[in-house]
Amino acid sequence: MPHRPAHRPVLSPAAVPRLVRGMARLSTLLLVIAGLSMSLPRAAHAQASPMPAERSALVVDVAGAIGPATTEYLRHALASAGARGAAVVVLRLDTPGGLASSTRDIVRDILASPVPVIGYVAPSGARAASAGTYILYACHLAAMAPGTSLGAATPIQLGGGLPGGSGKDDKGGESPADAAAAKAVNDAAAFIRGLAELRGRDADWGEEAVRQAASLSAGAALERRVVEIVANDVGDLLAKAQGRRVGVGGRTVTLDTAGLTPVVERPGWRTALLGVITDPNMAYILLLVGIYGIILEFMNPGTVVPGVVGSIALLVGLFAFNLLPVNYAGLGLILLGMALLAMEAMAPTFILGAGGIVAFALGSLLLFNEQSGIAVSPLVVAASTAVTAVLFAVMLAAVVRAHRRRPVTGGEAMVGEPGTVLSWAGVRGEVRVHGERWQARAVGAVPLAPGRRVRVTGRDRLVLLVAPDGGREPDGERP
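Under the UniProt record's numbering, think of the first position of the sequence shown as 1, with each following residue one higher.
Certain hints may be false.
What follows is a set of in silico ranges between Cβ atoms, one per label pair, in the way DEER data are often shown [claimed, not checked]:
#	residue 1	residue 2	range
1	G243	R266	41 to 51 Å
2	G250	V358	49 to 59 Å
3	D236	L391	53 to 63 Å
4	A190	V390	33 to 43 Å
5	A449	A354	37 to 47 Å
6	P447	F350	37 to 47 Å
7	N281	T457	14 to 24 Å
8	F298	A393	12 to 22 Å
Rather than coming from a laboratory, the hints here were simulated on the basis of the structure. The beta-carbon is built from N, C-alpha and C at its ideal position, and this holds for glycine as well.
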């Protein structure tokens, strides 16, 4: 009868206490890290509080796209300015635009701020385009450095086109797409006009920036009463802002900014991390790393590392997508593409693989909603699609090789193996295969003599089917 190895436990009894101690140490380490992460922001805030109130101007730098991280950064900075008693907040802008939802959150925070906010497009060469224009209009005082610009505040569709188009459907009426674009433009125009009227700025030009994507240089913006100051640097800005009257919280405040010390507010580690993971390209890559890791873990159970890394990356990526305007149709296409490629690996066909690559690429390009102003870089999409295709091609090749490989376990592994007849009577007897005694039956009712070489041609439960193989076993190996 064949020999069956005894079952071995995964963990020996002696290993259990060591595992428990290791888990206890890991839990303690995680608790210490969590405590430090909670205490560090408090310590930083405690060190920042004693700063002299009336002699400081808090400078907040907003560079890059406007997103959830920007909202949190500005919200914390405005709260910090109130706690310190800073005289003003200088919001230094250099942005191409960003999310409409984040822009409205920032505008609401500025309008509710008890500390005057001076919007300052700087340094030279900077711009306050799209979302930056709305934020600048919301500030209590607006300023620009020479060589800067603002405007181009028209809502942008994901494909890059401007709202408008033909404006007619096949029956001569307005198409649904153009109607949605018109709603977005009208809403944005009313929004910026309301801000302009609140701050006493040129509302007509603000509407032009929305409807016609108009832009202005620093000098032209000063002439059109879009901004109040053109200043070379923060010091020059504070000097020119001295004595100006602005409305803050329903009251008029006279700014006393001469001699203020500019203090730059740096984003905390949480804000910096949020800014990294909410970048659309990074969120997209985290999603792919998570999916790849989980797939590799399922392909090689017990490797642990791909599963752990993939799970963490997937959860962080989903958290980022929760903060971004995700188009779930695009996300569904990505998952469909992955599923088709997985089926291609299991049942090789060219159609499934090609369809999976196309669905994956289209889903990546359509991952974010229209009019969001953000999108995954086409270069990142192309590279990710190529990597995905190569990965699943390697998986497909491994699966094909596995199907072609001869079985090494089970009854099928016995087929083709050589053996030696130990005893025989009629068409039945006993043979030795792999050092084990087996009951055997000759194929074609061929009588076999002891010592005859045979080869296994099949298996019927615990009986091997054998056929003569020619030759005899050496006498020294006879039982």
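Cross-check of the supplied hints:
no., hint, result
1, G243 - R266: 41 to 51 Å, "violated (30 Å)"
2, G250 - V358: 49 to 59 Å, "holds (57 Å)"
3, D236 - L391: 53 to 63 Å, "holds (55 Å)"
4, A190 - V390: 33 to 43 Å, "violated (50 Å)"
5, A449 - A354: 37 to 47 Å, "violated (59 Å)"
6, P447 - F350: 37 to 47 Å, "violated (52 Å)"
7, N281 - T457: 14 to 24 Å, "violated (59 Å)"
8, F298 - A393: 12 to 22 Å, "holds (18 Å)"
Consistency note: the structure conflicts with the earlier hints numbered 1, 4, 5, 6 and 7.
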